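Those protein sequences? They're chains A and B, same order as listed.
Once you know that position 321 of the first sequence is 304 in the working numbering, the rest is easy, because the numbers rise by one and skip nothing.
Once you know that position 163 of the second sequence is 146 in the working numbering, the rest is easy, because the numbers rise by one and skip nothing.
What the hints contain is simulated information worked out from the structure, not anything from laboratory work.
Fair warning: this is a prediction, and the values are worked out from it, not measured in the lab.
Don't take each hint at face value.
Which copy is meant is left open, because identical chains are indistinguishable; a pair holds if it fits in one copy or across any two.
Taking lysine to aspartate or glutamate pairs in the DMTMM-like style, the calculated list, with each CA pair at most 20 Å apart, reads [what the hints assert, rightly or not]:
| # | residue 1 | residue 2 |
| --- | --- | --- |
| 1 | Lys233 | Glu100 |
| 2 | Lys119 | Asp271 |
| 3 | Lys207 | Asp353 |
| 4 | Lys207 | Glu306 |
Number of protein chains: 2
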Amino acid sequence: MALKSDNYRPLTVESLPERLGKVDAITTLLGVDTGTWDCKEVGDGNLNLVFIVTSGRGAIIVKQALPYVRLVGDSWPLPLKRAFFEYHALIRQAERAPGMVPEIYHFDEEQAIIAMEFFTPHIILRHKLMAQERVKGLGEALGTFLARTLFLGSDLSMDTAKRKHDVALFVESVELNDITETLIFSDPYFDAERNHHTPGLDPIVARLRADVDLKVEAHHLKAKFANNAETMLHGDFHTGSVMVTENDTKIIDPEFVLYGPMGFDVGMLLGNFWMAYFAQPGHGNNADYQAWILETIARIWNTFVAEFSHLWRTGRTGILYEEALFKDQQLGLEQALGHRLCAIWEDALGFAGVEMIRRTLSLAHIAENDMIEDEVLRAQCEARGLELGRFLVVNRARMGDISQVNDLAQQINKGATS
Amino acid sequence: MALKSDNYRPLTVESLPERLGKVDAITTLLGVDTGTWDCKEVGDGNLNLVFIVTSGRGAIIVKQALPYVRLVGDSWPLPLKRAFFEYHALIRQAERAPGMVPEIYHFDEEQAIIAMEFFTPHIILRHKLMAQERVKGLGEALGTFLARTLFLGSDLSMDTAKRKHDVALFVESVELNDITETLIFSDPYFDAERNHHTPGLDPIVARLRADVDLKVEAHHLKAKFANNAETMLHGDFHTGSVMVTENDTKIIDPEFVLYGPMGFDVGMLLGNFWMAYFAQPGHGNNADYQAWILETIARIWNTFVAEFSHLWRTGRTGILYEEALFKDQQLGLEQALGHRLCAIWEDALGFAGVEMIRRTLSLAHIAENDMIEDEVLRAQCEARGLELGRFLVVNRARMGDISQVNDLAQQINKGATS
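Whole structure, please, built from the sequences with the hints as guidance.
Below is the structure:
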């Protein structure tokens, strides 16, 4: 796959108005007088250019892929086609979870540009969690988004020919899948070049990297991630891909979209919440806020189960668990639903665990920990995440319900387990 | 997907010499004097035209897809593109299991024609099993073919970008996948239009179609088949896709190729052997030959395990279970291998079970049973297959080793269980 076409040029705050000033869908929103447009580059992610463009009439986000990983530089090339995959993910998510993802105004495949809805006054959820501010309805929104996108992108719901075409479409995103496969499932478990961790963690890191049971299970999860094309995943569904106000929740940045196992999106999100929970001592102790994070985790999972079950009972239009087989045997369908939810639960705990480990040992860490200046305190917060992560990966098939995992997190947070 | 191009014309014994007489790769084998060619149409399968073309110099097989299901007629259209998928499967199988599949001399995508190696004096294994004739090395050959193709088409071995491209290639075979998904996993479990069964089975069929546990598990297997793109499967690996002499074994007809779970090919094959075992009383009682079938089943599985383990230990070049993670911890890799083999075993038993059920209740039955003229005896043989099939589907996660399943088959065969 070519990284970019010859015509590709990265946008700058200077060139953007001229280059997008001819696009009707954009001038309709911002006006044709590009002199009144104000551009700011605000990309704080790892991969792309992101501009907020405002005029007296409106505001939009312009996201452009770079032909390399921004976090690392041009030594790590990455195809622009990820904008194409993100575009296709966004239009599908918009259908499946209406109103929860940015509306697209304009897509330019060659320039790898997506112009889309600007959510304001939304901020990235990670920052909200560090500021210890609550978001009303957060767990319900995230659980609903998960249930709707995971169910409606699968053979439980879709016409299977369409699902298979989508599998073929997204499986070509080889390079972005490779990032996930490598950074999440492999690098953390040996002395890989791109790894880094807080120095105080050395003994724990050594222990984890010698832990055969952990590594075998992490690779079983990698196999499931790479091979089980169950549904269209967001693929990078952490708290940095969520934008919130005090009472609204939106989901952004699905460029790591792929067909994969349902538990992956669920687990990555829960893992990031548990890490945010453990990081709280680094942002001023606030037991009530920590309790709110755990409550939110429970709400995400419980809402997911409720919404998934609702869709199962009312919207099972795919090739799986067909109505024709279970006439007058609705309990059979409940039995099958129970099994599927158990399987998602087990996977989600495993993926939550590997996410917590990789965000501490691999290349990309989380702001909640990185912002803790006191290295001893940071190592303590991170160690707790590692402890829960390892536990979940290895014991995921024999865990109780979400409240039991939250209890375990509380035990670890108290230092009762070390 | 268009069923066929305007230029497509089915071959006949009359038109074949003229139409293929210009192809160098074929005249090299048969000579340029098409007047000396002798063509016979021998297709006894469910889908295609198959010709044996001989001349004084040689012989070839010419297989051409029809734009409908031959078994049913033009009321069931089917795209010619399946010849394209078969071609791509054959060239990959030839690399992964050299010498075990027909060499391809010529492929014409538009005409859906594959000209390939003619295996002689080989006959279809099903007929050999009805004639109660042994094949030396059969279990070893089939076990080796399974291990090599399943391992070498997966992320255990392949460059993952290539595997992903192959997933994208084969997942477009929507119509053939649909046949498997419908005929194997759904139709048998309700009163579907295309179903038929031996009348004496009515009470058993009614019981199976009311069996919630069975139906739920069959659909879990359908979900795994449809979604778990683990390796390139043959996709239709029964005893009608195997050609043998008394001491040679070849594999043909992979047009149902797809990326799916490893256990599928293994299970379909074992299921067909167990059915052949139960059918033996319909072909003259021969306890020794029945014992040989069970021995062959054990050899298939044991050879598969041995060869898969060998490849695991010596050829793990893919993204899964990387060497770098297990330096000086080879036991960890054995642990992972054991887990994977257990998972394949469990899946294989489940797929064997659904195969045994569908071959008795759904559209396509097996010759071993169809050729039993005595309907009472046929129903008895088929009932035993259904009994084992149901048992395996529901209990697949808690079965012992292959000898225990063979013991169970013997108990059922004695009528000890009914």
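These are the hints, each one checked on the structure:
1. Lys233 <-> Glu100: Within one copy, since 11 Å is at most 20 Å while 59 Å is not.
2. Lys119 <-> Asp271: within (15 Å within a copy, 73 Å between copies)
3. Lys207 <-> Asp353: Intra 30 Å, inter 40 Å, cutoff 20 Å: neither.
4. Lys207 <-> Glu306: between (28 Å within a copy, 19 Å between copies)
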